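Respectively, the protein sequence lines represent chains C and R.
If you use our numbering, the first sequence corresponds to residues 1 to 293, in order.
If you use our numbering, the second sequence corresponds to residues 1 to 817, in order.
Honestly, the hints are just simulated from the structure, not real lab data.
Heads up, some of the hints might be wrong.
Listing some non-contacts, in silico: residues in chain R with all C-beta distances to chain C over 12 Å [said to hold, decoys possible]: (1) L59; (2) I107; (3) D149; (4) T371; (5) R436; (6) A492; (7) V497; (8) D640; (9) K642; (10) T711; (11) L743.
Calculated pairs, EDC-like style, for lysine to aspartate or glutamate (alpha carbon to alpha carbon, straight line, at most 16 Å) [said to hold, decoys possible]: (12) K513/R x E485/R; (13) K203/R x E163/C; (14) K210/R x D19/C; (15) K210/R x E21/C; (16) K772/R x E710/R; (17) K45/R x E73/R; (18) K203/R x D226/C; (19) K210/R x D172/C; (20) K180/R x E166/C; (21) K180/R x D166/R; (22) K608/R x D627/R; (23) K583/R x E489/R; (24) K261/C x E667/R; (25) K239/C x D226/C; (26) K565/R x D627/R; (27) K642/R x E186/C; (28) K162/C x D665/R; (29) K261/C x D648/R; (30) K180/R x E224/R; (31) K180/R x E186/C; (32) K239/C x E186/C; (33) K484/R x E415/R; (34) K248/C x E166/C; (35) K805/R x D19/C; (36) K83/C x D648/R; (37) K162/C x D648/R.
Simulated restraints, written as ranges between beta carbons of each label pair [unchecked claim]: (38) E265/C x S741/R: 41 to 51 Å; (39) P227/R x E265/C: 55 to 65 Å; (40) A614/R x A192/C: 44 to 54 Å.
As the structure is a computational prediction, the values presented were derived from the model and not from experiment.
Positions of the beta carbon are idealized from the N, C-alpha and C atoms, including for glycine.
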Amino acid sequence: MASVPGQEMNSREQRQASDHEGFLAHRNMRWLKIAVTLCLIAITSYLWIDVTPRHNGGSWYGYTLGTIGLLLIVWLSLLGIRKRTMSPGRWSLKAWTSAHVYLGLALVVIATLHTGFQLGWNVHTLAYALMMLVILSGAYGITVYAALPAALSNNAQQMTRKEMVEALAAIDRQLETAAQPLGREESDLVIAALEQDTFAWGIGARLTGRYRKCATIRALSYFASDWSRPVGSEEPKDKVRALLGRRKSQLDQIRRHMKIKALLEVWLYVHVPATFALLAALTAHVISVFYYW
Amino acid sequence: MPENYRVAIIGSGPAGLSAAAHASALGLTHVLIEKTDHLSDTIFKYQKGKHVMATPSNLVLRSDLDFDAGKRETILGAWDEQIAAGKVNVRLNAEVTGITGETGNFIIAIKGGEPIHAQAVIMAIGTQGNPNKLRCPGADLPLIQYQLDDPGEYYDEHITVVGSGDAGIENALGLAADPKQNNIVSILNRGTDFARAKSANVKLLEEAEKAGRVIVRRETEPAEVRPGELVLDTRDGQEAIRCDRIIARTGSQPPRGFVESCGIEFTGEDRGAFPRLSPSFETTKQGIHVIGALAGYPLIKHCMNQGYDVIEFLNGNLDLKPADEPILAEKFDALPGVRTVDQWLETFRANIVILQELSPLQMRELMLDSTVAGYDAGEIIFERNDPGSSMFGIAEGSVLVQVNPDDPSVTVPIEQGSIFGEVGLISGRRRGSTIRAAEPTVVMELSRNAALKLIATTPSAARAVNAISIERQLLQMFGSGLTKEDVAEVVAASELVDIRAGQVVIEEGAEDKDVYVIRRGSMIVEKTIGGSPVFLSYLPAGSYFGEMAVIDGSSRTATVKAAIKSQVVRFPGEAFVALLDRKPALRQKALAEMASRREINSFIESRKDSFGSAVDMYSETARFLIDNGIGEATDVLLIDEKLCVGCDNCEKACADSHDGLSRLDREAGRTYAHLHVPTSCRHCEHPHCMADCPPNAIKRGPDGEVFIDETCIGCGNCQRNCPYGVIRMDAKPPPKPSLLSWLMFGAGPGPGEASYSWRKKAAEKSGQQSAKLAIKCDMCSGIEGGPACVRACPTGAAIRVSPEKFLTFTKLAEDVD
Ligand SMILES: Cc1cc2nc3c(=O)[nH]c(=O)nc-3n(C[C@H](O)[C@H](O)[C@H](O)COP(=O)(O)OP(=O)(O)OC[C@H]3O[C@@H](n4cnc5c(N)ncnc54)[C@H](O)[C@@H]3O)c2cc1C
Ligand code: HEM
Ligand code: SF4
Ligand code: SF4
């Protein structure tokens, strides 16, 4: 039906071509391929090379794997710095994350082979265990990164967090007015719901989305028991019940939002402190190895 | 007999004030007439504490009054003092309603007062005009006001806002923003929807309505104003509501009508036209002069200089050189040969055909917004695919257009006096071909604003540019090998048609046989398959459509409608067929394009049978993106919400790459099928933000980015004009402590934009309060590696796309499957 003018890449597009591809699929899984290759080389050479009396961290082969592992861990830790340094240049955090994930997983193979399966109750094994903890938390991290963003978007319904909180405040103002004609006991229930802080809940409630002692639910269940009047009646109690219902569903949206956000972040509270512990244990491991040398 | 003043100056803005001060200094009998009860109403109405800028910095100030960048209060205070000290004869509270008489004896009618007599008149009334008054009984009661300076001022009142534009909505929201003020705010709308307002504002209003903060009354008009009460005409009859205050925001009447009623002619019919002026600011009505914003010079310094100059001219000093003379001299220094400023101006005016009707004053103004350059034979002036929306005129010499990108030796000449680059100006798209100087050549480059203003105000220039651009666009589109003569018949038969957003140009199944070229804007192609419209493709400016039906005589196979406000060239199919008959190569090309287009269409059709819901989803996604401004975008940030973890690293990176302020609001904006359009600049083909910028601070950069340069005066016009709400006004905060000291010692606010309170405190501590200026995305121009938002996204959710690459079946289907 038509002809369209020239479509070649222009200077801008060359400068900032951003392909629509997630970090796991980045560049056709380039870093997965590299990591798998690395692991295969490590495994075959482990089987190939004969270390006497048996494989261990102290042989020249063990040192080689150890050095590779150490460098990888240091580089993996630098992601935290990269993420926060907005320097110019042709880097992308997506490529870094992609490499981080796959090379981090490759560490399982490299570091395990480095130990020669000699584990015990010592600082060396502590470093190994911490590393595995970091890696396991990372693995959990990518599963939530893959699964939860769509849920976050679906729940938001095009509202920002701020808009959700404002919508709740607007319902609350109406509730306050609507509750005026109620008796003492009943209005206390409403006031309790209004006064309860939306955000001052423990991490447990946030992560599970189960808010026991929620005053809104309590108030709602009190008013909801009485359906004697027709739907849409102007009776204060019914207006309050309808508003409490709206408050509850607005609160639910905020709580689901907080739950998903918390799940997306909580593992970093293991991943990052464990990384620091790992770096400390690793330093101890390296020093002690050289000390006893 | 009342006094017959030597000169009467109407309007006490910077222009009028400066004129009056100089008249007084020269001892001319004078009067300065001002409508309001204070001087300089436009500046008086700036927001409190606004930092007023003194641009352009290279222009010297020539006035008896002082003016330098500073706070609004300081400047107004100094003027009040100097006007009093200079014994200027001021008449406040005197609105001029008409001017009659002739030079030597004008009679100036004053609303509610005795007329004033003067030999000469200087009109300096600015461009604000008068707010439209309510037209109902009681419209003169004191509870009505036409402006709202500080919505925080009013408590416990019933306030009704009349008017459904942006100003009205913003006022209503402002009054209702803080529940503690306890105002009951209503807004009246004559219609059912808020079509004249920005969608972002409408959304906010609807939310406020839902939340019970604002009462929106649709299909309602004021019927009568009474003290403490407002009677409304509603669909169901009349109703009276309590009302302590009415804010009427129903637009304003531009001053043009009043000016014309005094016998003054304008340069054209267009909204952008100005009074026709002589070099000494005299209008077509002898004895009446126009200066300042009304004359087309919106910067305070220009206004003040003109006030001084016009009095000098009136006083007989006709040799006075305008204050911008040194600026022009500097521009011309770069050109070969030694000529005076006036000689150069005359060379450009006389040689470039579209400038021939300009007055010397208009020529000067145009030159201030333009650049000039000399080129040696063979030098490149611009290259194919360069971004650029300026237009060039050849004053001396000639140029060669490389029509075939693969073979630089194939060229077409453009002779002295003609123009080039106009396609970029009109379509907003990149340069279509490379242009070189054929011989030593002197060209004038008119900035986009200067060129648009010229076209809007000079009908002969508009006609010339249109004729040339249609011809060139056809030549460029149909490819090499065609000459002017080949397309002459098509050009002669063609006409320009403006198309509203959403208007159908071609209807599926219709039998008409016209062919169209998109000159500006963009179109979408849709086809009804299985009862629902399916999006087939997006056509940017420069495309042609409608040729299929002409070539094979069939009825229209699809519907083409405008994605945004557009302009097309329409020509009859027979002319096109005749052209194809004469040019077999062109026919070959057209047939090949038709075949590939058909292939895509039938592919989508076949998918519709087996994957109906996927195709519907894809059509919906395309429509959603177009509704959100992608149709007029050149480069836009999208967030794939199947990948976005909400870490806001994109926003933080933006702030850290740009003076600590983010130009992007990730969370805000619309979403469809997990594709999110955040609040961030679309870098429109024809940026709305550029329309009204007094210092012309908004430009298009080398990578096509729309950016604001350091001459911004912070007036906020662009913020109001951007339909997508992406411009914010904010002060640049002092630098933060380094990342390292934050990591190690927790110093400073950390990565990303610091909180408002931190910025405020840090600014107070550093003692440097900077002005609130307009800031927006500049696509990280000048930063190696490109846009920080995309580079900083850990998951790849943030992508930047251009519509013609993204609004295709393959791209969108990828997303939808
Ligand atoms: C928010 C904002 C910020 C700005 N910031 C800057 C800046 O920082 N630096 C800069 O250089 N420019 C700035 N500008 C532009 C500048 O303020 C104006 O272009 C300038 O004031 C125009 O001056 P003027 O004398 O031509 O007209 P105005 O300043 O508009 O003055 C016209 C006067 O005429 C009076 N008047 C109108 N009609 C009549 C009548 N019929 N009878 C009697 N009196 C009448 C009006 O009351 C008014 O006092 C800004 C503009 C805006 C809106
Ligand atoms: C010993 C190995 C590893 C170390 C030392 C390490 C260290 C880190 C560090 C320091 C961060 C930065 C956190 C922040 O600043 O927010 C990080 C982020 C992350 N890591 Fe690891 N990591 C390791 C292995 C892994 C593995 C194996 C995976 C996945 C399987 C993984 C997945 C991630 C992810 C998804 C992020 C978040 C990226 C982002 O959101 O910016 N990591 N890691
Ligand atoms: S600021 Fe607004 S109007 Fe200007 S280019 Fe960006 S999106 Fe378009
Ligand atoms: S950039 Fe915006 S705020 Fe700045 S001067 Fe131009 S229109 Fe006014």
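Checked against the structure, which of the hints given earlier come out wrong? 8, 9, 11, 12, 14, 15, 18, 21, 22, 27, 30, 31, 38
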